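So you can see what is in the structure, the chains are spelled out below.
Number of protein chains: 2
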Amino acid sequence: MLQPPPAQPGMREDEVDTPALLLDLDAFEHNLARMQALLAPSGAKLRAHAKTHKSTVVAHRQLAAGAVGQCVQKVAEAEILAWGGIADILVSNEVVGDAKLARFAALARIATVAICADDPANVARIAAAAEAACVRLSVLVEIDVGGGRCGVQPGPEAVALAQAIAGSPHLRFGGLQAYHGRAQHFRTPEERGQAIGLVVDDVRRTVEQLRQQGLECPIIGGAGTGTFEHEAASGLYTEIQAGSYCFMDADYAANRGGASAGFRHALFVLATVMSATRPGLGVVDAGHKAVAIDSGMPLVWEREGVRYTGASDEHGKLEGGRVSLGEKIRLVPGHCDPTVDRYDWYVGVRGGRVECVWPVSARGAMA
Amino acid sequence: MLQPPPAQPGMREDEVDTPALLLDLDAFEHNLARMQALLAPSGAKLRAHAKTHKSTVVAHRQLAAGAVGQCVQKVAEAEILAWGGIADILVSNEVVGDAKLARFAALARIATVAICADDPANVARIAAAAEAACVRLSVLVEIDVGGGRCGVQPGPEAVALAQAIAGSPHLRFGGLQAYHGRAQHFRTPEERGQAIGLVVDDVRRTVEQLRQQGLECPIIGGAGTGTFEHEAASGLYTEIQAGSYCFMDADYAANRGGASAGFRHALFVLATVMSATRPGLGVVDAGHKAVAIDSGMPLVWEREGVRYTGASDEHGKLEGGRVSLGEKIRLVPGHCDPTVDRYDWYVGVRGGRVECVWPVSARGAMA
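The listed protein sequences correspond, in order, to chains A and B.
All letters in the first sequence, in the order written, are residues 1 to 367 by our numbering.
All letters in the second sequence, in the order written, are residues 1001 to 1367 by our numbering.
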């Protein structure tokens, strides 16, 4: 069952039940506007990544601010967005399995949808799903631009797969998916710029080879919050797939310099000190079931000297300062995406008051 | 919203949609029976920990096998269990905040409930909640037996808190909560036995000092899957709070020797190979949103040489063997509790067929 919302509009922030996923609406709106301002000179469009926010409400706010659509990683996420009125959705990932592909194809009746592929046999299964659903599906070729994970090799291998897609009466060649995930977290702007320079070379070469075969790319997509300024400036990418920019997290904040430095922390986990039996130690009610630690411990927000030093399932240790029993503490998650996925509700706050609660409607949408 | 179940009874295991939380029912039932057999000679009772399974169905199976009740860490978990017909529930944790305490007190009308405390001011708030709800609440004193987290010191500090509880007309002294979490994961049986030897000394001394003040302990509770044989053999503990024993995970399996060695892996994440573009690399559709990595990467089940070497949000890398696109792979989670908490459904399998789907009804119950 769903959990009840931990707050109601009108409450003071210190009345919010914990643990709660807090969204600072001023910072969030600042981030949406800033991304659009940063992208405007380049001509690249924002297709914001819903794997970060898992929410139709956030998706609609991003579209209202100027995004052209949304990305997702999973068919189940695409369903939630399409059912919630999002009109243009790209599954920026491979999808394998006939049942999932049938669900994906069904969405083409109510939204503009596209999907990625890196295998010719799977392209045939996508075509079969499209045929069975009497729709024509857009398929992008994912190329491996340094992640070493999914994707065919740039160049001839990508061209061959694009030809297989374009050759099917049930499919449409949708362009290239070229995302370098690890590069988002390279710490200096020089490292990030250098990595994306190589990515852009791969993409440019592949686009040219496709063109020689008569294949144009409707979408050339990729990039994230750490590197998007480089992809946007390339003049090659048509769509930027940043997700975390709207919330930010401790890991992205540890990146030095670059455009992403101007985004503000908008997402917090609100926790309560539930034990404080000795000086210098506080225990909060938010452990790693409440805040993701895959990219490091959360930061303690605006509490001089206090650090979150360790997480167990339901407890977090605070050390290095005085905290008192019952006190509420804001934590900046180390990693926003998996933290959001642990909650059923956002609590939107502004000026110390709860302004709204929004459902995390695609929470757990992993299929 | 809830996600739909990834399977239906009668399906073959290889038809289950992924990622899915798979429960091997033979192994699960073996584990329930084995725990009861191991505890029988000691006289200590099992109060199984629901923070592991988050499920009224699993709780009822444990009670049917001989457990006397359930533990939880959160009031929201206690609510789900009480609403689902579990008659005896201990919140083995401190609860701070009047709204939460009011919710807890309300449960005393439909179940036998108890709670822990480590602070006199909070004991007064529990008493106020009990008075407002016109109920009398059992409160256990948590003592710090080596975890260095919650709990008062064993001995006089614990006695003083117990007297404060016993002195309230709205409360009942419920006994001692004495759990050493870290000791569960000490790798050798000697280390675990030595650590629990010290715990038992602390508990014995505190029980004697309480008795000198006329206070008997209805419950002396603690222990987990890694150490319970020692607490049970002490003759002192009345209740064992093991949780993971029913599922097991890679981290507990890395413990050497001891009684827990006889439990079997019952919990798996079923994943699909969704990309396999080069020899020696497979990518599955289960990253760390689908399988917890706080206690290490998952193990690959019964696939010679294949290892899960890295997790990103939605992808897991398999290396060291041949896997093919579309293949389904069982993963043994590094840590069962937070893995379960990411799912809405268990898929119970036996002999290669789906026998049942059960809701993870307390998924996300963090408040």
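Quick caveat, the hints were computed from the structure, so don't treat them as lab data.
Warning: the hint list may mix true and false statements.
Derived EDC-like pairs: lysine to aspartate or glutamate, alpha-carbon spacing no greater than 16 Å straight-line [as the list claims (entries may be wrong)]:
| no. | chain 1 | residue 1 | chain 2 | residue 2 |
| --- | --- | --- | --- | --- |
| 1 | B | K1328 | B | E1015 |
| 2 | A | K328 | B | D1098 |
| 3 | A | K328 | A | E13 |
| 4 | A | K45 | A | E13 |
| 5 | B | K1328 | A | E208 |
| 6 | A | K328 | A | D294 |
All of these numbers come straight from a predicted model, not from anything done at the bench.
Each hint tested on the structure:
no., hint, verdict
1, K1328(B) with E1015(B), "holds (9 Å)"
2, K328(A) with D1098(B), "holds (13 Å)"
3, K328(A) with E13(A), "holds (9 Å)"
4, K45(A) with E13(A), "violated (35 Å)"
5, K1328(B) with E208(A), "violated (37 Å)"
6, K328(A) with D294(A), "violated (24 Å)"
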